[in-house]
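**Student:** Here is how the chains run, residue by residue.
Protein chains: 2
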Amino acid sequence: MAGLTGLICPNLTPFEKDLSIAMDLYIEHAQRMLAAGCSALAPFGTTGEALSVGMDERMATLEAMVDAGIDPAKLVPGTGLTNLEDTAKLCRHAIDVKCAGVMVLPPFYYKGVSDEALFQYFSALIGTVNSPALKIYLYHIPPVAQVPVSVELTARLAKAFPGAVVGIKDSSGDWNNTKRLLTEVKGIAVFPGSENPLVEALALGAPGCISATANINAENIIRCYKAAGTPKAAELQEQIRAYRLPFQDMGAIPAQKWMLAHQTGEPRWKIVRPPLLPLSDERGKELLKRLETVLEPAA
Amino acid sequence: MAGLTGLICPNLTPFEKDLSIAMDLYIEHAQRMLAAGCSALAPFGTTGEALSVGMDERMATLEAMVDAGIDPAKLVPGTGLTNLEDTAKLCRHAIDVKCAGVMVLPPFYYKGVSDEALFQYFSALIGTVNSPALKIYLYHIPPVAQVPVSVELTARLAKAFPGAVVGIKDSSGDWNNTKRLLTEVKGIAVFPGSENPLVEALALGAPGCISATANINAENIIRCYKAAGTPKAAELQEQIRAYRLPFQDMGAIPAQKWMLAHQTGEPRWKIVRPPLLPLSDERGKELLKRLETVLEPAA
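For the record, the sequence lines run as chains E and L. The opening position of the first sequence corresponds to residue 1091 in our numbering, with each subsequent residue numbered one higher. The opening position of the second sequence corresponds to residue 1091 in our numbering, with each subsequent residue numbered one higher.
Hints may contain errors.
[Stated by the list, open to error] The calculated lysine-lysine pairs, modelled on DSSO-like cross-linking and capped at a C-alpha distance of 30 Å, are:
id : chain 1 : residue 1 : chain 2 : residue 2
1  : E       : Lys1375   : L       : Lys1360
2  : E       : Lys1179   : L       : Lys1179
3  : E       : Lys1201   : L       : Lys1322
4  : L       : Lys1269   : E       : Lys1201
5  : L       : Lys1379   : E       : Lys1360
6  : E       : Lys1179   : L       : Lys1107
7  : L       : Lys1360   : E       : Lys1201
8  : L       : Lys1249   : L       : Lys1322
9  : L       : Lys1375   : L       : Lys1107
10 : L       : Lys1179   : E       : Lys1188
11 : E       : Lys1179   : L       : Lys1201
12 : E       : Lys1379   : L       : Lys1201
13 : E       : Lys1201   : E       : Lys1276
14 : L       : Lys1375   : E       : Lys1201
[Said to hold, decoys possible] Each pair of labels, with its calculated beta carbon distance range:
id : chain 1 : residue 1 : chain 2 : residue 2 : range
15 : L       : Glu1328   : E       : Ser1213   : 57 to 67 Å
16 : L       : Asp1186   : E       : Ala1163   : 34 to 44 Å
17 : E       : Gly1295   : L       : Gly1202   : 26 to 36 Å
18 : E       : Ala1126   : L       : Asp1186   : 39 to 49 Å
[As the list claims (entries may be wrong)] A few chain L residues that don't get close to chain E, going by computed Cβ distances all over 10 Å:
id : residue
19 : Asp1264
20 : Gly1295
21 : Ala1308
22 : Arg1358
23 : Glu1376
It is worth saying that the hints were derived from the structure and are not from the lab. Don't be surprised by glycine CBs; every beta carbon is placed ideally from N, CA and C.
Go ahead and model the full structure; you've got the sequences and the hints to work with.
**Tutor:** Take a look at the structure:
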């Protein structure tokens, strides 16, 4: 589709000490990410602690973004819950505020459900929302949701609902899955859910990537995106891959928030909602130390 | 606690062909379960396809039950979602309609979270709802939710919030876990989430059980409950255990709904919401055949 390209940032959600959303900081960060060159934002993804945020809060935040002057054509909010009714409500709201699209998880409570059942779920969702403005990006994140959106299901949905199912974010972390989506599924935008395979994915037709690391490393990821196809691409790809490594065993969301607090000098960024726990300053300092090592080329 | 005893039925949720809740059937079944001797109902548990039902639908259904004359002192609705705000909203609503308690899942989107984080979640929930009428039954169902409520977490919550954390439904299917809860955690009601260990659990102080099979086999489970401590108990326990077996590989919820359709002659009971799929009549007939074999004592 003639849609979004480049780096899409699933923006982090800042909280106050009382765990309410820190709206000033939310808007400021969203604007900073766009100013840094992100082509769009995906508010309320896994990284944005979406499933720890209530429905009314999500809708109020989207409205606050648009009120603050953020172009809704650059917003693809997460709207997927475990049930049709509330997911449809969030989708309709996103359409009302003129978002470019919505990112939809499969219903993730019941496990071991079939592709046929998930196909019926998405069919019912599209029928319930019943709007030509509905642009669904499927959200495949099996490490967290456990319920997958398989390549076969993606292909079937793309074929059955052209114009409504327009893309997929593949956060499987499995390059073979991303490669299959890129080569086997026609007519939709396939975004890897990380910058790890950015250059390879672009070569196979991906329009860009949607990556949590954008929150803390946008400039370098964009540099790599722009260098794709040039001799510098491989080196830049290695650099952005290396930057991710030190975060891996720290708990990605608390660690990214700690880093953002460090980068911006704003301590509220360290706050997470339960059931996540904040990264301790001790661990944060270890993270900084590891990053130094990673970023210094070995002799 | 001086609370609920006996068989609590996590009542099934019937749907119309258009997938809206079949309210007449919902109320009729709820009343039938109470008339059959169930001491209480647990609407919107896993069996009630709670996570496939929207927030507004849940609240409207609870109100319809009370309006129909069902005593809210016999209702313990499920209110657990993945986030604090919406879970608190459903808890407050249940308190407003004077339910006996609420059954609360741990937040189940993020996996691998710590007991400390879950403790903070439930603490924040209790603080947010902020009502002496809040009576929480923890809901431990690791095969589905994946996120557990461990024995240690249960004990810590029971100790920290006496009067607010009043019980647990243990749907682990792991008798060792239920036994540990019954013997190690003081001051709360421990309900096995099935009738499989009913007699043993009652002997260790369980007040009863909360079991999906109540929907289709209430009389026999209640007979066993009443026979506990008598010479007939063991045989009745074996009978109700045997009745469950044929359902196991059929998909419990669609199979129970098919059976209820068969028992009541009401075809709407066969309908499930995606991502579940209905049991086919072919499989249903196989289920009936298996049940005959199970219920006929071997020669």
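**Student:** Checking against the hints above, which ones are violated?
**Tutor:** 1, 3, 5, 8, 15
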